[in-house]
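Asker: Sequence:
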Amino acid sequence: MLRVFCLVFGYVFGLFQTGYLYGRMNHIDIRNYGSGNSGTTNALRVLGKKAGLIVFIGDFFKMVLACLLVRIFLKGDPNTDLYVLYTGLGVVMGHNFPFYLGFKGGKGIASMAGLLVSMDWRVTLVCAAVFLGTVIITRYVSLGSIFVVILFFIQMVLYESMGAYQVAPGSRLEFYALAGVLTGMAIWRHRANIRRLFAGTENKLWGNKKKS
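The sequence shown: position 148 = 148 (the numbering used here), numbered continuously.
Honestly, the hints are just simulated from the structure, not real lab data.
There may be inaccurate statements among the hints.
To be verified - For lysine to aspartate or glutamate, the following DMTMM-like pairs were computed, each having C-alpha atoms within a straight-line distance of at most 20 angstroms:
1) Lys49 with Asp29
2) Lys104 with Asp29
3) Lys50 with Asp77
4) Lys75 with Asp120
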(Lines of atoms letter the chains of each structure in order from A and count residues from 1; the text may use other names and numbers.)
(Lines give C-alpha, C1' and ligand atoms only; values in the text may rest on other atoms or scores of the structure.)
Protein backbone atom coordinates (compact mmCIF):
# COMPACT_ATOMS: atom_id res chain seq x y z
CA MET A 1 0.00 0.00 0.00
CA LEU A 2 2.84 2.40 0.82
CA ARG A 3 4.37 1.70 -2.57
CA VAL A 4 1.19 2.73 -4.37
CA PHE A 5 0.84 5.81 -2.17
CA CYS A 6 4.41 6.91 -2.95
CA LEU A 7 3.87 6.41 -6.67
CA VAL A 8 0.66 8.45 -6.67
CA PHE A 9 2.14 11.07 -4.34
CA GLY A 10 5.11 11.48 -6.66
CA TYR A 11 2.91 11.56 -9.76
CA VAL A 12 0.93 14.49 -8.35
CA PHE A 13 4.16 16.45 -7.83
CA GLY A 14 5.31 15.53 -11.32
CA LEU A 15 2.19 17.12 -12.79
CA PHE A 16 3.65 20.55 -12.08
CA GLN A 17 4.85 21.17 -15.63
CA THR A 18 7.28 24.05 -15.24
CA GLY A 19 8.12 24.28 -18.94
CA TYR A 20 4.51 24.21 -20.06
CA LEU A 21 3.45 26.80 -17.47
CA TYR A 22 6.37 29.10 -18.27
CA GLY A 23 5.57 28.80 -21.95
CA ARG A 24 1.94 29.73 -21.32
CA MET A 25 3.13 32.79 -19.43
CA ASN A 26 4.87 33.73 -22.67
CA HIS A 27 1.75 32.91 -24.72
CA ILE A 28 3.02 29.71 -26.33
CA ASP A 29 2.64 25.98 -25.85
CA ILE A 30 6.30 25.02 -25.75
CA ARG A 31 5.41 21.50 -26.88
CA ASN A 32 4.63 22.93 -30.32
CA TYR A 33 8.18 24.23 -30.74
CA GLY A 34 11.65 22.79 -30.96
CA SER A 35 11.85 19.15 -29.92
CA GLY A 36 8.19 19.13 -28.87
CA ASN A 37 8.67 18.39 -25.17
CA SER A 38 8.28 20.61 -22.12
CA GLY A 39 11.67 20.02 -20.54
CA THR A 40 14.68 22.17 -19.72
CA THR A 41 16.67 21.76 -22.93
CA ASN A 42 13.74 22.64 -25.17
CA ALA A 43 12.88 25.64 -22.98
CA LEU A 44 16.50 26.76 -23.26
CA ARG A 45 16.49 26.49 -27.04
CA VAL A 46 13.05 28.00 -27.60
CA LEU A 47 12.82 30.67 -24.89
CA GLY A 48 16.41 31.33 -23.87
CA LYS A 49 18.77 30.88 -20.92
CA LYS A 50 16.48 32.42 -18.31
CA ALA A 51 13.65 30.07 -19.28
CA GLY A 52 15.98 27.08 -19.26
CA LEU A 53 17.17 27.90 -15.74
CA ILE A 54 13.65 28.48 -14.40
CA VAL A 55 12.34 25.26 -15.91
CA PHE A 56 15.28 23.27 -14.56
CA ILE A 57 14.81 24.68 -11.06
CA GLY A 58 11.09 23.94 -11.07
CA ASP A 59 11.45 20.39 -12.35
CA PHE A 60 14.41 19.73 -10.06
CA PHE A 61 12.80 20.95 -6.86
CA LYS A 62 9.43 19.27 -7.38
CA MET A 63 11.37 16.00 -7.15
CA VAL A 64 13.45 17.10 -4.17
CA LEU A 65 10.38 18.26 -2.25
CA ALA A 66 8.38 15.10 -2.93
CA CYS A 67 11.27 12.83 -1.89
CA LEU A 68 12.07 14.94 1.17
CA LEU A 69 8.48 14.74 2.43
CA VAL A 70 8.39 10.96 2.00
CA ARG A 71 11.74 10.63 3.76
CA ILE A 72 10.42 12.72 6.68
CA PHE A 73 7.11 10.85 6.90
CA LEU A 74 8.72 7.40 6.72
CA LYS A 75 11.83 8.12 8.77
CA GLY A 76 12.99 4.97 10.52
CA ASP A 77 11.19 2.59 8.16
CA PRO A 78 13.53 -0.22 7.03
CA ASN A 79 12.52 0.51 3.42
CA THR A 80 12.75 4.31 3.46
CA ASP A 81 15.05 4.56 0.44
CA LEU A 82 12.92 2.09 -1.50
CA TYR A 83 9.88 4.30 -0.92
CA VAL A 84 11.86 7.37 -1.94
CA LEU A 85 12.71 5.60 -5.19
CA TYR A 86 9.02 4.79 -5.73
CA THR A 87 8.26 8.48 -5.17
CA GLY A 88 10.93 9.44 -7.67
CA LEU A 89 9.43 7.09 -10.24
CA GLY A 90 6.04 8.69 -9.65
CA VAL A 91 7.42 12.20 -10.15
CA VAL A 92 9.13 11.22 -13.41
CA MET A 93 5.94 9.56 -14.66
CA GLY A 94 3.92 12.66 -13.78
CA HIS A 95 6.46 14.84 -15.55
CA ASN A 96 6.71 12.64 -18.64
CA PHE A 97 3.04 11.67 -18.89
CA PRO A 98 0.79 14.41 -17.42
CA PHE A 99 -2.81 13.27 -17.89
CA TYR A 100 -4.17 16.80 -18.30
CA LEU A 101 -1.78 17.48 -21.22
CA GLY A 102 -2.64 14.36 -23.15
CA PHE A 103 0.26 12.48 -21.50
CA LYS A 104 2.74 14.63 -23.44
CA GLY A 105 5.36 16.09 -21.11
CA GLY A 106 9.14 16.14 -20.83
CA LYS A 107 11.91 13.55 -20.65
CA GLY A 108 12.43 13.67 -16.89
CA ILE A 109 16.15 14.46 -16.77
CA ALA A 110 15.91 17.58 -14.58
CA SER A 111 13.63 15.64 -12.24
CA MET A 112 16.11 12.76 -12.27
CA ALA A 113 18.77 15.24 -11.16
CA GLY A 114 16.55 15.99 -8.17
CA LEU A 115 16.32 12.28 -7.44
CA LEU A 116 20.11 11.94 -7.49
CA VAL A 117 20.40 14.67 -4.86
CA SER A 118 17.62 13.06 -2.83
CA MET A 119 19.32 9.67 -2.83
CA ASP A 120 23.09 10.13 -2.49
CA TRP A 121 25.55 13.03 -2.77
CA ARG A 122 28.24 10.67 -4.10
CA VAL A 123 26.03 9.61 -6.99
CA THR A 124 25.18 13.26 -7.62
CA LEU A 125 28.83 14.33 -7.87
CA VAL A 126 29.81 11.54 -10.26
CA CYS A 127 26.79 12.08 -12.50
CA ALA A 128 27.21 15.86 -12.52
CA ALA A 129 30.88 15.55 -13.49
CA VAL A 130 30.13 13.09 -16.29
CA PHE A 131 27.21 15.17 -17.58
CA LEU A 132 29.17 18.42 -17.64
CA GLY A 133 32.21 16.75 -19.17
CA THR A 134 30.16 15.07 -21.89
CA VAL A 135 28.25 18.25 -22.78
CA ILE A 136 31.39 20.41 -22.80
CA ILE A 137 33.29 17.95 -24.99
CA THR A 138 30.52 16.85 -27.37
CA ARG A 139 27.90 19.63 -26.96
CA TYR A 140 25.23 16.90 -26.91
CA VAL A 141 22.89 17.31 -23.93
CA SER A 142 21.09 14.09 -24.86
CA LEU A 143 24.31 12.06 -24.72
CA GLY A 144 25.18 13.51 -21.32
CA SER A 145 21.69 12.69 -20.07
CA ILE A 146 21.92 9.08 -21.27
CA PHE A 147 25.30 8.61 -19.59
CA VAL A 148 23.90 10.05 -16.36
CA VAL A 149 20.95 7.66 -16.11
CA ILE A 150 23.16 4.66 -16.86
CA LEU A 151 25.59 5.75 -14.15
CA PHE A 152 22.64 6.29 -11.81
CA PHE A 153 21.60 2.66 -12.20
CA ILE A 154 25.13 1.31 -11.77
CA GLN A 155 25.72 3.34 -8.61
CA MET A 156 22.33 2.54 -7.09
CA VAL A 157 23.12 -1.17 -7.42
CA LEU A 158 26.69 -0.75 -6.20
CA TYR A 159 25.94 1.34 -3.11
CA GLU A 160 22.84 -0.59 -2.13
CA SER A 161 24.76 -3.88 -2.37
CA MET A 162 27.22 -2.31 0.09
CA GLY A 163 24.38 -1.56 2.51
CA ALA A 164 24.45 2.21 2.00
CA TYR A 165 20.66 2.64 1.84
CA GLN A 166 17.67 1.84 4.01
CA VAL A 167 16.37 -1.14 2.07
CA ALA A 168 15.23 -4.34 3.75
CA PRO A 169 17.20 -7.42 2.60
CA GLY A 170 14.08 -8.91 1.00
CA SER A 171 13.51 -5.76 -1.06
CA ARG A 172 16.91 -5.49 -2.72
CA LEU A 173 15.87 -6.91 -6.08
CA GLU A 174 12.85 -4.61 -6.05
CA PHE A 175 15.15 -1.63 -5.43
CA TYR A 176 17.38 -2.66 -8.34
CA ALA A 177 14.34 -3.15 -10.57
CA LEU A 178 13.01 0.34 -9.76
CA ALA A 179 16.38 1.91 -10.58
CA GLY A 180 16.37 -0.09 -13.81
CA VAL A 181 12.87 1.11 -14.72
CA LEU A 182 13.87 4.74 -14.16
CA THR A 183 16.96 4.28 -16.32
CA GLY A 184 15.08 2.40 -19.03
CA MET A 185 12.33 5.03 -19.15
CA ALA A 186 14.85 7.84 -19.56
CA ILE A 187 16.67 6.03 -22.36
CA TRP A 188 13.36 5.22 -24.09
CA ARG A 189 12.33 8.87 -23.91
CA HIS A 190 15.61 9.68 -25.71
CA ARG A 191 15.10 7.12 -28.47
CA ALA A 192 14.73 9.80 -31.16
CA ASN A 193 17.89 11.51 -29.88
CA ILE A 194 19.75 8.19 -30.00
CA ARG A 195 18.74 7.68 -33.63
CA ARG A 196 19.94 11.19 -34.48
CA LEU A 197 23.21 10.64 -32.60
CA PHE A 198 23.95 7.56 -34.70
CA ALA A 199 22.93 9.42 -37.85
CA GLY A 200 25.08 12.44 -36.94
CA THR A 201 22.11 14.81 -37.10
CA GLU A 202 21.51 15.46 -33.40
CA ASN A 203 21.27 19.14 -32.43
CA LYS A 204 24.12 20.47 -30.33
CA LEU A 205 23.66 22.77 -27.36
CA TRP A 206 25.53 25.55 -29.15
CA GLY A 207 26.91 25.96 -32.62
CA ASN A 208 25.30 25.14 -35.92
CA LYS A 209 22.99 22.19 -36.35
CA LYS A 210 24.33 19.31 -38.36
CA LYS A 211 22.51 18.68 -41.61
CA SER A 212 21.73 15.25 -42.94
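Asker: All hints are to be evaluated individually against the structure, with a verdict given for each.
Answerer: Cross-check of the supplied hints:
no., hint, result
1, Lys49 with Asp29, "holds, 18 angstroms"
2, Lys104 with Asp29, "holds, 12 angstroms"
3, Lys50 with Asp77, "violated, 40 angstroms"
4, Lys75 with Asp120, "holds, 16 angstroms"
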